Amino acid sequence: MDVGAVFVVTTLARALAFSTPLLWAALGEIVAERAGVVNLGVEGMMIVGALAGFVVAQSSGDPWLGLAAAAATGAVAGALHAFFAVIVRADMYVSGLALTIFGLGLSGLIGRGWVGRPLDRSMEFVSLPLLSQLPLVGPRLFQGQYLLTWLGLLAALMLWFVLHHTRLGLVTRTVGENPAAADAAGVRVVQVRFFAVVFGGLMAGVAGGFLSLAYRPSWGQGMTNGLGWIALAMAIFALWDPLRAVLAALLFGTFFTLSFSLQDRFAPQLLTMMPYLFTILALTLTAFRKGGRAFGAPEALGQPYTRGER
Amino acid sequence: MRRMVLALLSLLAVSVAGAQDDPLKVAFIYVGPVGDYGFSYAHDLGRQALQEHFGDRIETVYVESVPEPEVEPFIDQLIADGADVIFGTSFGFGDGMLAAAQRYPDVIFGWGTGIARAPNVLTYMADFYQVYYLNGLVAAALSDSGTLGYVAAFPIPEVKRHIDAFALGAREVDPEAEVVVRWLYSWFDPAGAKEASEALMAAGADVLAFTEDTPTVIQTAAERGYPSFSHYASMVEFSPETVVSGQIVHWETIYIDIVENILDGTYTSTNLEDVDYFWLLEQGAVEMGAAQGVPIANGFVDELTWFEIDHPELGATNAYDLVMTRLEQMSESRETFDPFAGPLLDRNGAEVYPAGYLPSIGDLVGLEYAVPGVVGPWDNEPR
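Top to bottom, those sequences are chains A and B.
Just so you know, our numbering puts 272 at position 272 of the first sequence, and the rest follows in order with no gaps.
Just so you know, our numbering puts 18 at position 18 of the second sequence, and the rest follows in order with no gaps.
Honestly, the hints are just simulated from the structure, not real lab data.
Keep in mind that this is a model prediction, so the values were computed, not measured.
Even glycine gets a Cβ: it sits at the ideal position worked out from N, Cα and C.
It is possible that part of the hints are untrue.
[Unchecked claim] Listed next, the stretches of chain B that the computed footprint assigns to chain A, with coverage defined by at least 3 CB atoms under 8 Å from CB atoms of chain A:
#1 184–195
#2 212–219
#3 234–245
#4 369–380
[Unchecked claim] Chain A is faced by these chain B residues, among others (derived, beta-carbon under 7 Å):
#5 P33
#6 G35
#7 Y37
#8 E198
#9 A199
#10 A202
[Unchecked claim] A few chain B positions that, by computed beta-carbon distances, are all more than 12 Å from chain A:
#11 E52
#12 S65
#13 F91
#14 T123
#15 G293
#16 L314
Only chain A is shown next, with the shape it has when bound in the complex:
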């Protein structure tokens, strides 16, 4: 079999697996930011999700129950940020950072007793029907992945549809672009923003659960190790579009896995740096937002909304 083709398919498979938590977390952040709220607490929401997922799965023996707990815990953490950033209108950057620091510390403290043993029953690989029978790609790409990897791609598709083709999506985007206009049109801006952030937390919780229940079925202090920050960069790189987030995930994942498989040919630092170079490029693009709305950040991103103020 062609060595090159095998290498490409294997790389793609590893990129998909590695970037699964990034995709889930980035999709959540995209929704929150589309509604106008920046949440720098992704890392914190992920890690409390990872711990909650592990604890519940280990206690109950059911990894999917663990995932539900991870999602719920992430949502609660998101609600915490939403309370400060949307309702109290505290500085949302400070609130998000605080959430990350708080999440890392709290999970480390509570998680002490859970360190040092693997998950007894972790999530299992799934084989996609039909696709897994294909030559070359079947065994390498469509077997040996977790269900959450494929569900993540599906979630991206669904979120894209919701954001661009439903009333709910229109409302969410309007709240992020022009909250005053949305308010005037009768949209409950605070409510929409609140739930967008909670949804972002839920997705980050799933991302954390994927780590502790599937990708690396165990708990370790600080096990997210910066993935939450990469997800934040991905949301920007994807220019707040769920489908482009899939591209971003594949790109970030490909460079990450290549930094190991091609280590004898390229300096790994060079490869792991690439996605961030692209992110800076994307940020530069958004600065020229007049060049086309498709490349713009939500107009009211990062601005707290108070009725009657300009």
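Given chain A, work out where chain B should sit, using these hints.
This is chain B only, laid out in the frame that chain A set:
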């Protein structure tokens, strides 16, 4: 005012008078959380064993997750709380400890994995190179492909020494064996360790070893049923079926010896300039195995016994006996057997040590070269 001074003086007098019976206060500074199940966890097991050994003659305390550049205020606080001896367990604590040692000339400092000493600062290290060599013997005997994977943290002499020793062991069993190395450039990067393991297995490795701070490599190798070796703590629980052996540290052997010498007055705050512990199998500071007392997991003993070797020095033997012979020899002394003993070439064919030369501890501590069989990038490789 005068009354206060008097009161303070009397307090001082009491504490000085009481000092004779006070237990020796020994403080530990950890770089990570004790729950990291790795480096700091191992040191804390050592602290607990130390406390148990000396009972109420000493009192131990610890601070965890201390950022390396900020160690000095922690030292100040520990000394204010009465610490007589301070062990800083991480290399990165060195600058702060050496500075503090000058300000507190009466306090004894121990710098773990350190490289510089002072009249009141000793250095200590429990090194795994012999154990990695033994693991390498086992790995090559278990590999079908002859390709062994190695996930490594940083290209620093300590890690290079481990990889080289592992490769020397592997080549002794299989002269064609290759040890493919992938670097994380981090001590803690679970996702990196996972993807590095995947990349190694995709490149043909069917046995994995590592030097970094998570059990990820073991878990990833287990997905394909590949044997692996645990590092630092006993990680056998992460995959009881596939963990063959590994490296276990016993910091307590060193801690007990140091404190014993302090208690009987041999070590004082003025004579530590030349006290450097580099303890090995011989002193019981390290152990081969994934669980204490089990050098090789039972499930692999037969396969190793069936693996026949025509050994240039030991004659017809098998992999299991070879491992046990080497373990015994090295437990006796470095002079009896050392994997780095000359003649030794590096992987570029240049002579590192001439025949009959036994490298000193200093040679090993500063080791930068890669031995034959090591494949992969190698920063600061001598040319």
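Taking the hints in turn, this is what the structure says about them:
1. Counting residues of the segment 184–195 of chain B whose C-beta sits closer than 8 Å to any C-beta of chain A gives 8, which meets the bar of three, so the coverage hint holds.
2. Counting residues of the segment 212–219 of chain B whose CB falls under 8 Å from any CB of chain A gives 4; the rule of at least 3 is met.
3. Residues of the segment 234–245 of chain B lying with their CB closer than 8 Å to a CB of chain A number 3, which satisfies the three-residue condition for coverage.
4. Counting residues of the segment 369–380 of chain B whose beta carbon lies closer than 8 Å to any beta carbon of chain A gives 3, which reaches the threshold of three, so the coverage claim holds.
5. With a cut of 7 Å, the hint placing P33 (chain B) at the interface with chain A holds, because the nearest CB-to-CB distance is about 6 Å.
6. At about 4 Å, the closest approach between the beta carbon of G35 (chain B) and any beta carbon in chain A falls short of 7 Å, and the interface hint on this residue holds.
7. Against a cut-off of 7 Å between C-beta atoms, the interface hint on Y37 (chain B) holds, since the closest Cβ of chain A lies about 4 Å away.
8. Annotation: E198 (chain B) was flagged as interfacial toward chain A, and the flag holds, the nearest CB pair being 5 Å apart, inside 7 Å.
9. Interface restraint check for A199 (chain B): the shortest CB-CB distance to chain A comes to about 4 Å, inside 7 Å, so the restraint holds.
10. Because the smallest distance between the Cβ of A202 (chain B) and any Cβ of chain A comes to about 5 Å, under 7 Å, the interface hint for this residue holds.
11. No beta-carbon of chain A comes within 12 Å of the beta-carbon of E52 (chain B); the shortest separation is about 21 Å.
12. Not every CB of chain A is more than 12 Å from the CB of S65 (chain B) (nearest about 8 Å), against its label as outside the interface.
13. With a least beta-carbon separation of about 20 Å from chain A, F91 (chain B) lies farther than 12 Å from that chain, consistent with its non-interface assignment.
14. Its beta-carbon lying about 28 Å from the closest one in chain A, T123 (chain B) satisfies the requirement of being farther than 12 Å from that chain.
15. Remark: the non-interface label on G293 (chain B) is consistent with the geometry, its nearest Cβ contact in chain A lying 19 Å away (cut-off 12 Å).
16. In this structure L314 (chain B) is separated from chain A by more than 12 Å, as the shortest Cβ-Cβ distance comes to about 35 Å.
Comparing the model with each earlier hint shows a violation of hint 12 alone; every other hint is respected.
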